[in-house]
Structures are given as structure tokens and as C-alpha cells.
Amino acid sequence: MERKRRSSWEQFEAMFEEMQRSFDRMFAEILDEVHITRPLMDVEQRCLEPLVDVRETHDSVIVTADLPYVNRKDDIDIRLLEKSLEIRAKTSKPICFERWGTVQRRTHFNEFRKTVKLPTDVDSEGVKATFRRGILQIVMPKKVKKTQIKVQ
Amino acid sequence: MSSAEKITVVETAPLKSEKPIILVGLPDVGLVGIISVMHLINTLEMQEVGYIESDLMPPIIIVHDNKIFEPIRIYAKDDLLLLTSEIPIPTALVKPLTRSIIDWAKEKKPKLIMTLGGIPTPNRDDIEKPECYSLETDDEAKKYVENLKVEKLTEGIMVGPYPVILREAQKKGIPAVALLAQAFDKYPDPGAAASIIEVLGKLLKINVNVDELLKSAEEIRVRTRDLMRRTDMTMQQMGKTQELEVPAMYT
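Listed in order, the protein sequences are those of chains A and B. Here the first sequence stands for residues 1 to 152, numbered as in the working numbering. Here the second sequence stands for residues 153 to 403, numbered as in the working numbering.
Everything labelled a hint here was simulated from the structure, so no lab data went into it. Certain hints may be false.
What the hints assert, rightly or not - Under 7 angstroms between C-beta atoms, here's a sample of chain B residues computed to sit facing chain A:
| # | residue |
| --- | --- |
| 1 | E170 |
| 2 | D255 |
| 3 | D378 |
Claimed, not checked - Straight-line Cα separation of at most 30 angstroms, DSS-like style, residue types lysine-lysine; simulated pairs:
| # | chain 1 | residue 1 | chain 2 | residue 2 |
| --- | --- | --- | --- | --- |
| 4 | B | K294 | A | K83 |
| 5 | B | K168 | B | K281 |
| 6 | B | K171 | B | K367 |
| 7 | B | K304 | A | K143 |
| 8 | A | K114 | B | K338 |
| 9 | A | K128 | B | K304 |
| 10 | A | K73 | B | K323 |
| 11 | A | K117 | B | K354 |
| 12 | A | K114 | B | K304 |
| 13 | B | K367 | A | K90 |
| 14 | A | K73 | B | K367 |
| 15 | B | K354 | B | K229 |
| 16 | B | K354 | B | K158 |
| 17 | A | K90 | B | K304 |
| 18 | B | K354 | A | K142 |
| 19 | B | K367 | B | K247 |
| 20 | B | K357 | A | K83 |
| 21 | B | K281 | A | K90 |
| 22 | A | K93 | B | K281 |
| 23 | A | K73 | B | K229 |
| 24 | B | K338 | A | K93 |
| 25 | B | K338 | A | K128 |
| 26 | B | K260 | B | K281 |
| 27 | A | K93 | B | K367 |
| 28 | B | K354 | B | K324 |
| 29 | B | K324 | A | K114 |
| 30 | B | K247 | B | K263 |
| 31 | B | K392 | A | K142 |
| 32 | B | K168 | B | K304 |
Using N, Cα and C, we set each Cβ at its ideal position, and we do this for glycine too.
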């Protein structure tokens, strides 16, 4: 009886976790939708949002970011958080274009900033970052528990 | 199509071109087409001669130098015509718009229609100078590219406005070429545009310097981020990732 009750509780927990994951995904999608209505810049913070790409291989999550006007890898700050990756990069000079919108051209942007939601848990050990031709690439191994199954 | 949904090519200046070459640069992979045609418009000092009008278009105007422009415009200089768009072409508009453009183009009796774009290349950041590839609709079109030293696109899948332009041109008997450079698919790629322009220079027998384009590459990458993001979303709706796949037919 005790075992059955625990089993039901475990089922409920699993169901609750799945619901939680569904809500997380739904909110992430809604936030992405909201986000697309905004331009890729924050005038108040004087920072630009870089274009990023997130893709998965069977054993890693790869995030790339386009960082024009960033010349030195020392100007790039990457923080791996629990479920996300924070990228900040200082530009080599303040960015402002004469032929820009009325709001933007009154601002000098000094930094790229972006928080990227990760599609799965990653292992902070073994994360590698490279910066070449203005493209930042961060390769993060997925946190997976592997069990080998022998073919009978 | 009802009259309210009609797509019209409006000419705002007389087109004196005889048997023109028509270049098409639309938002696509790495914005290669857009970046290429913008450089050509500026360098060759091409003049705006028309635009596309349709109730199917999003309610958008573009403002440059305190003047109002339609997002899809036509430019001309001598026997060169150029069609470009400052917005991604909405999926629902691709086929009707393309048919209208090809109907209009046929009236101009063009020698050639050439679309300018990029091929998504996963290892693009390893490539110093992107290579160009071509796909032609007929033997006449092949003659224009045979001496340009570009690789042939022999197998693959193309998605978006460009393949529709090629197919419609082929059906109407207009020679057409897709010129594609290896490119970042999700990031604006001025380097790929420079490769396209160098090939075009040989085709058109004009000298278009790409040094200025490459010098302003970082500025272009910053300025076109929003268009790239919107283009990427539109491309995803069209199933653009199929371009990384291989066709199933093997015989």
C-alpha cells in the first residue's frame, strides 16, 4: 500500500515537473514573441543586442553571436548561469551612425549585451569559447547521465 | 486575385534600357542580396525608377533623407535594372509578387535576370574569401556565366523568392541565373556580398570597388541586425532550413 502511494506521488511529481517545463517553454516563447517587437538595442542602457544563434548537437549546445566592433577577446565577458548564458562585450569605439533613427542617433552605444536561454542543462566543466572574424562561439557539453545498454 | 489584392509595378521614370540585365537583391541568407545591391546603387549612382504597390504589402513606408519610399523599389542605370526590398517578403506574397515581377520583366525584354544571394555555409567563419555558385535556367543563361569561374550548383534545395523567380522566368523563356555566395545564414555577411560583386563586375564588365564595402563591413553588420532577425523569422516560416538538406531523388 505504502509502495503504491509513493508511486502515485512520484507520478504526480513527474506530471508536475512536465507541467512546469511546459509553462517554462510557453513563457519563453511568449517572451520571444514580445521581444521581436522591440529593436535590438536598449537606448537607456546604451547597449546593443547582438544577433545570436543557439543550436544543439547530440552532446553539446553551441551558441554563436555576431559581435561587430569588438576587437579584443579580453573585452568579452561570458557568464554561465543555471539555465542561461550571459554575454557582454565592449565595443572598440562608441557606435553611433548619422543616418540612424531619430532616437538612436542621439545615443552612443558602448556594449553588446544578451542573455541567451539554454535549451537544456549544460556542464560548466569543458565549456570552450572562441572569437574569430567577429563571431563568438561557445560550445557547452550537455549535462547527461549516460547508461550503456548492451545489445543481447 | 481580386483587384484589391492586385500587385502593380509602378514606373516613376521612363525606362530607356534596351535588353537590360535585371538584378534582384532581396532579404535572404546573410542579407547577401541586399548588401550587394545597396553597394551597387551607391557606387554606380543608380536612380530610383519605380516601386511595387499592393494591398497585400504590410503597411510600411521607408524614410531616407526626409523622403518617403516604398519598401520594394526598382533602380536603373543605362542597361542595368535592379530590384530590391528593405523588408523580408512575406511568405504569402512570394508567389503572386514574383509572377508580377516576371510579367513586368518580360515586357522589358531582358537579356538576363540574375538573383543575388547566399548559400548557408556552416563553417563560414573558417572561410577567408567566400566562393560563388551559379544555377542557370537555360543554355542562353549558361553563356553569361561560363567565363566567370564560378562553381555550378549541381544538387540542392532552394527555398524562398529566388527559386520562384527562376522557375517563373524559365516558364516565360527569360534566361535567368541564381548567383550565390557561401554565407552566414543568420548574420549579415558583407564578405559574401563582396564575392558576389566581384563576379558581377566581370559579367557586367564594370569595375565596382569592394574595398569600401569591406571597410564598412562592421557598420553594415550593426545597421542590418533588425532586418536580419526579421528575415531569419520569415525564412524559418518558409522552411529555409531545407537548404541544408539534400534532394531525395537520386536517379
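Here's how the hints hold up against the structure:
1. The restraint placing E170 (chain B) at the interface with chain A is violated, with a minimum CB-CB distance near 35 angstroms, outside the 7 angstroms limit.
2. Using the Cβ-Cβ criterion of 7 angstroms, the hint placing D255 (chain B) at the interface with chain A is not satisfied: the shortest such distance is roughly 34 angstroms.
3. For the restraint placing D378 (chain B) at the interface with chain A, the shortest Cβ-Cβ distance is roughly 6 angstroms, inside the 7 angstroms limit, so the hint holds.
4. Between K294 (chain B) and K83 (chain A) the alpha-carbon distance is near 52 angstroms, which puts this suggested pair outside the 30 angstroms criterion.
5. This hinted pair does not check out: K168 (chain B) and K281 (chain B) have alpha carbons roughly 37 angstroms apart, beyond 30 angstroms.
6. Of the pairs offered as hints, the one joining K171 (chain B) and K367 (chain B) is violated, with about 34 angstroms between alpha carbons and a cut-off of 30 angstroms exceeded.
7. Taken as a hint, the K304 (chain B) and K143 (chain A) pair is broken in the structure, with Cα atoms around 43 angstroms apart against an allowance of 30 angstroms.
8. Between the alpha carbons of K114 (chain A) and K338 (chain B) the distance comes to roughly 16 angstroms, so the proposed pair stays at or under 30 angstroms and holds.
9. The hinted pair formed by K128 (chain A) and K304 (chain B) fails the criterion: a straight-line CA distance of about 37 angstroms is larger than 30 angstroms.
10. A hinted pair counts as satisfied when its Cα atoms are at most 30 angstroms apart, and K73 (chain A) with K323 (chain B) does not qualify at roughly 52 angstroms.
11. Among the hinted pairs, K117 (chain A) with K354 (chain B) is inconsistent with the structure: their alpha-carbon atoms are about 46 angstroms apart, more than 30 angstroms.
12. Pair hint K114 (chain A) plus K304 (chain B) does not hold up; C-alpha atoms about 39 angstroms apart against a cutoff of 30 angstroms.
13. Between the alpha carbons of K367 (chain B) and K90 (chain A) the distance comes to roughly 20 angstroms, so the proposed pair stays at or under 30 angstroms and holds.
14. The suggested pairing of K73 (chain A) with K367 (chain B) holds, with an alpha-carbon distance near 21 angstroms, which does not exceed 30 angstroms.
15. Note on K354 (chain B) and K229 (chain B): the hinted pairing holds, with a Cα-Cα distance of about 17 angstroms set against a maximum of 30 angstroms.
16. Between K354 (chain B) and K158 (chain B) the CA atoms are separated by roughly 38 angstroms; this puts the pair beyond 30 angstroms, and the hint is violated.
17. The hinted pair formed by K90 (chain A) and K304 (chain B) fails the criterion: a straight-line CA distance of about 42 angstroms is larger than 30 angstroms.
18. A threshold of 30 angstroms between alpha carbons decides the hint, and for K354 (chain B) with K142 (chain A) the separation of about 48 angstroms lies outside it, so the pair is violated.
19. Only pairs whose Cα atoms come within 30 angstroms are accepted, and K367 (chain B) paired with K247 (chain B) is rejected, the gap being roughly 36 angstroms.
20. A distance of roughly 54 angstroms separates the Cα atoms of K357 (chain B) and K83 (chain A); the hinted pair therefore is violated under the 30 angstroms criterion.
21. Between K281 (chain B) and K90 (chain A) the alpha-carbon distance is near 27 angstroms, which keeps this suggested pair within the 30 angstroms criterion.
22. Using a Cα cut-off of 30 angstroms, the hinted pair K93 (chain A) and K281 (chain B) holds, with the two alpha carbons roughly 27 angstroms apart.
23. Pair hint K73 (chain A) plus K229 (chain B) does not hold up; C-alpha atoms about 44 angstroms apart against a cutoff of 30 angstroms.
24. This hinted pair checks out: K338 (chain B) and K93 (chain A) have alpha carbons roughly 25 angstroms apart, not beyond 30 angstroms.
25. In summary, the hint linking K338 (chain B) to K128 (chain A) is supported, as the alpha carbons are separated by about 21 angstroms, within the 30 angstroms threshold.
26. For the suggested pair K260 (chain B) and K281 (chain B), the alpha carbons sit about 35 angstroms apart, so the restraint of at most 30 angstroms is broken.
27. Note on K93 (chain A) and K367 (chain B): the hinted pairing holds, with a Cα-Cα distance of about 15 angstroms set against a maximum of 30 angstroms.
28. Using a Cα cut-off of 30 angstroms, the hinted pair K354 (chain B) and K324 (chain B) holds, with the two alpha carbons roughly 27 angstroms apart.
29. The suggested pairing of K324 (chain B) with K114 (chain A) is violated, with an alpha-carbon distance near 48 angstroms, which exceeds 30 angstroms.
30. In summary, the hint linking K247 (chain B) to K263 (chain B) is supported, as the alpha carbons are separated by about 23 angstroms, within the 30 angstroms threshold.
31. Restraint check: the Cα-Cα separation between K392 (chain B) and K142 (chain A) comes to about 27 angstroms, which is no more than 30 angstroms; the hinted pair holds.
32. Annotation: proposed proximity of K168 (chain B) to K304 (chain B) is violated, straight-line Cα distance about 33 angstroms (limit 30 angstroms).
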